[in-house]
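Residues per chain are reported as follows:
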Amino acid sequence: MTDIAHHIPEALLASYVSGTLAQPFALVVAAHVSICEECRANLAAHEAVGGALLDAFDPISITDDLRNRVMAGLDDDIVPEPVRPRGDNTYPTPVLEALGSKPPKWRSLGPGAKQCILNAGKDGSVRLLYIAPGFAVPDHTHGGLELTLVLQGAFKDETGRFARGDLEVADDTLEHTPVAEEGLPCICLAATDAPLKFSAFVPRLLQPLFRI
Amino acid sequence: MTCDMSTTFTEQTEWMLKVRDARDRAAFAKLFDHFAPRLRGMLMKNGFGAAQADDVIQDVMLSVWRKAHSFNPERANVSGWIFQIARNRQIDVIRKDRRPMPEELAMPESTDIDGEQVLGIEQEAASLRAAISRLNPEQRDLVQKAYLGELSHSEIQAETGLPLGTIKSRIRLGLERLRHELKGER
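Residue numbers (the working numbering), protein chains in the order written: chain H, 1 to 212; chain Y, 1 to 186.
Just to be clear, a hint being listed does not mean it is correct.
[What the hints assert, rightly or not] In silico DSS-like links for lysine-lysine, alpha-carbon gap of 27 Å or less:
1. H:K122 x Y:K96
2. Y:K30 x Y:K18
3. Y:K145 x Y:K96
4. Y:K67 x Y:K18
5. H:K122 x Y:K145
6. Y:K30 x H:K102
7. H:K102 x H:K122
8. Y:K30 x Y:K45
9. H:K114 x H:K156
Hints were generated in silico from the structure; no laboratory data involved.
With the rest of the complex left out, here is chain Y (with noise of 0.2 Å):
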């Protein structure tokens, strides 16, 4: 990795990468600071009461400290990984059950950073960021509701004013790369 091309990634992939490769720990305040508060935000409107959004934002962030190893910015933004590891965590809250997990994908043996994948990934996620941002709220609550776990499989499945594919046409390219690399790594 070179470090023009780590100069241009976001700040939270950034922090990220520093907690991953030299486990910094300034880095990893700057990640709380910044997600902590948004967890909190994603919890209450969950319905989870003060005491219990804070148990699961300790776990969430020991989680991504702890976990940092599988991070892949090649593969996810840091918002998703973070995302995925909250939804996880709450799931166990919630259910008392694990939910069966894919196989993972093996880690490149090196921390060399493909810079233009990373930045692909990013730069379709600010994009649906902008997506979401541009849906009308009633869209926007749907959305909301289908990804936080408040609908079923079959009301998403029966719910034609969510807009799924117009969101997930924001990471269509994305999605051809990460195939590809994906193609690749087998």
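So here's chain H without its partners, still in its complex pose (with noise of 0.2 Å):
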């Protein structure tokens, strides 16, 4: 675990700090930092920050009822929190809690790629894909951002190779074909903010078969 070579930029984390950074990209900061120990010291960096903000704001008094009211709270039973489910070789733990800790549904994609959504909202979607040795990343657009983690294998594109814990950040100015490389199929968990319509996903998976 430590030779990842793409790690997650400052906005990013400062966004992820401030709770601002839509869902889907959220989901991908956390999976990263939890096998990163790079990020996850940088993570503690912004929070830092955040403290320190914190002290430096001027005090606005309390009132005694609420003083009371908290502290008439230490009496309350502390409901044990869920046990969070513990990250395997490939899932870390906030990918298997977005899977409800089941094993991924793969729906195909095309010859060599499958798909499972984890997340799909307003602010953009979240998919763990599934690319076999030697296949293509399957055509897709890049509306805004999008955040490729792998969690497994490795692929190389134009900019690079990415194994596991690598993080590729790509936006629209990126034009690239993501390769599996040999061995293990390449697992990845994607996020981008161009919303996820199935309408026009699949209409463009399939116009070259109409072109023929």
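Hints in hand, dock the two standalone chains.
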């Protein structure tokens, strides 16, 4: 786990810490941090900035009523928090939680490719992608930001090689064709802020067929 | 942990450790009196009304009591830890969804503390505070907006006046130390 080469950019970490990062991207950040010590330490640094800001706020007085309520609350029974699943060699904890601790339900995306959508909403979507060795990631739109975190295997594209733990940050300026390496199938966690439209997505995949 | 070492920690760290290790209510009251008014300042800045701010403060401070077992002064200073709890709670309130969280690292089995590491984290926090206080008003305002959720990711990315690098350089050494420590635990 020491050879992760592609990490989370600062602006993404700051946005995650502040809570403004859309859910699909926040899942990718949480997944990467789960398996990357460097970014875990970096995240802690951003949290420390938040702490320093909290320290610097002018105190505004608190009512006795609130103070009494909180002190009385110390006697409440503490409900133990649910035990979180432990990350395995492929899926880190937050991904297992998004899967409801069940194996992914893969749906075909064409030759050599499958996907399992974890979350899709107005602020984007996040899915697992399964690419068989030697196959390319199916044609996909980059509406805006796209984050791809490798969980198993590796892929290569014009910008470099990405193996377990590596995060590729792409925007609409990047034209790339990621191809899975030989060996293990490549499993990625991919988030995009382009809305997920099957009606548009499916014909787009079929387009080449109709052109023939 | 030796007594000599513990007496050099900040008051906040001392109180938090007493809450964590001895469920000390007097220490918790001190933490409350220190942090609740600052949380209130932060929440008001965030546009929370008085009653809503009170609810969040109550939840956050009770979480501090209930989650004290997961506080590790070798990895985070008290303010940063409480800031995170507060942001999570605010996100719950505003968005009604939970932010995905990284897997937690296992807590060390013993409560022995590496005093040097804790002091390092505290010193970095102090130098961060100093760095933020030295920013010009516009920059300081931008940093606040970025960390209090008033800037989107693309705004943070595009904002060239945001001194993320300058601020983060204050904690570079601490980062190295923390990274080293985390690697040792895997």
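Results of checking the hints against the structure:
no. : hint            : in the structure
1   : H:K122 x Y:K96  : 15 Å, holds
2   : Y:K30 x Y:K18   : 11 Å, holds
3   : Y:K145 x Y:K96  : 21 Å, holds
4   : Y:K67 x Y:K18   : 13 Å, holds
5   : H:K122 x Y:K145 : 24 Å, holds
6   : Y:K30 x H:K102  : 45 Å, violated
7   : H:K102 x H:K122 : 25 Å, holds
8   : Y:K30 x Y:K45   : 23 Å, holds
9   : H:K114 x H:K156 : 18 Å, holds
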